[in-house]
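Turn these sequences into a full structure, and let the hints steer you where they fit.
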Amino acid sequence: GQNIDQPTEMTATEGAIVQINCTYQTSGFNGLFWYQQHAGEAPTFLSYNVLDGLEEKGRFSSFLSRSKGYSYLLLKELQMKDSASYLCAVSLNGNAGNMLTFGGGTRLMVKP
Amino acid sequence: DSGVTQTPKHLITATGQRVTLRCSPRSGDLSVYWYQQSLDQGLQFLIHYYNGEERAKGNILERFSAQQFPDLHSELNLSSLELGDSALYFCASSATGGVNQPQHFGDGTRLSIL
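Here the protein sequences come in this chain order: A and B. One point on numbering: in this note's numbering, the residue at position 103 of the first sequence is 103, and numbering is uninterrupted. One point on numbering: in this note's numbering, the residue at position 74 of the second sequence is 74, and numbering is uninterrupted.
All the pointers check out, no bait thrown in.
Cβ pair distances, simulated, as ranges:
#, chain 1, residue 1, chain 2, residue 2, range
1, A, 80, B, 1, 20 to 28 Å
2, A, 30, B, 1, 23 to 31 Å
3, A, 25, B, 57, 16 to 24 Å
4, A, 40, B, 95, 24 to 32 Å
5, B, 73, A, 23, 34 to 42 Å
Below, simulated SDA-like cross-link-like pairs (lysine to any residue); rule was C-alpha separation at most 25 Å, straight line:
#, chain 1, residue 1, chain 2, residue 2
6, A, 76, B, 102
7, A, 57, B, 95
8, A, 76, A, 44
9, B, 9, A, 84
To be clear, the hints were calculated from the coordinates, so they are not data collected in a lab. Keep in mind the model is a prediction, meaning the values are calculated, not measured. Each residue gets a CB set at the ideal place from its N, CA and C atoms; glycine is no exception.
Now the structure itself:
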C-alpha cells in the first residue's frame with residue numbers, strides 16, 4: 001500500500017522559518033508535490049521535486065531525498081496569510097494514467 | 001482563480017438519491033481528475049480521464065461513475081448515496097496528464113447527505 005506521513009499540526013511565529021516534513025513509502029514514484037490549502041478552499045500548487053535536492057521559489061523551498069523517502073517544505077519570513085494546511089502528494093503511475101496520493105496534510109498556524 | 005470550474009458549489013440531498021457533479025477544465029487542458037476530501041480520509045484520488053478516455057482509477061466505489069465528454073468537461077455521478085458520501089469533491093486538470101505536471105484544482109462541490 002501507499003503510506004505518506006506528515007505532522008498533523010504545527011505552530012510558528014510571524015517572521016520566523018518553519019519546516020514541514022513528509023515521509024513516504026509508495027510502490028512507484030514519479031515525483032513529489034506540495035500544495036497549500038486554506039480552509040474550505042481549493043489546493044493550490046506550490047512545488048514539484050523529482051530529483052534529490054533543494055528547489056527554491058521565493059519564500060518557499062522544497063527538498064527531496066529519494067533514498068530516504070523524505071521531503072520537506074521550508075517556509076521563510078512567515079506571514080499570517082501562510083496559515084493553511086500543507087499537503088504532500090506523491091505522483092504515481094496508474095496503468096496509463098497518473099494519480100496523486102496525498103498525505104493527511106499539516107495544518108500550520110502562524111501567530112503574531 | 002485556477003481556471004477550473006465546478007458546479008454546483010453546494011448540494012444537499014438525501015440517502016438513496018443520485019447526483020451529478022460537473023467540471024470544466026482549464027482552457028487547453030486535456031486531463032481531468034476527481035478527488036474526494038472528507039475530514040477523516042483526507043484528499044483521496046478517484047479517477048483520471050485524458051481526452052475522453054479513462055486512464056487511472058483509485059478507490060472509487062462502484063456506486064460512483066465518471067465520464068469526460070468531447071468538449072472535455074467531465075461529470076462525476078454518485079448514486080445510492082449514503083451518509084458517508086458527505087464530502088468535498090474536487091476536480092483538477094492538467095495539460096496532458098504527464099506525471100510532472102501540476103494539477104490545478106477547482107473550488108470543489110460540497111455534498112451533504114441528510
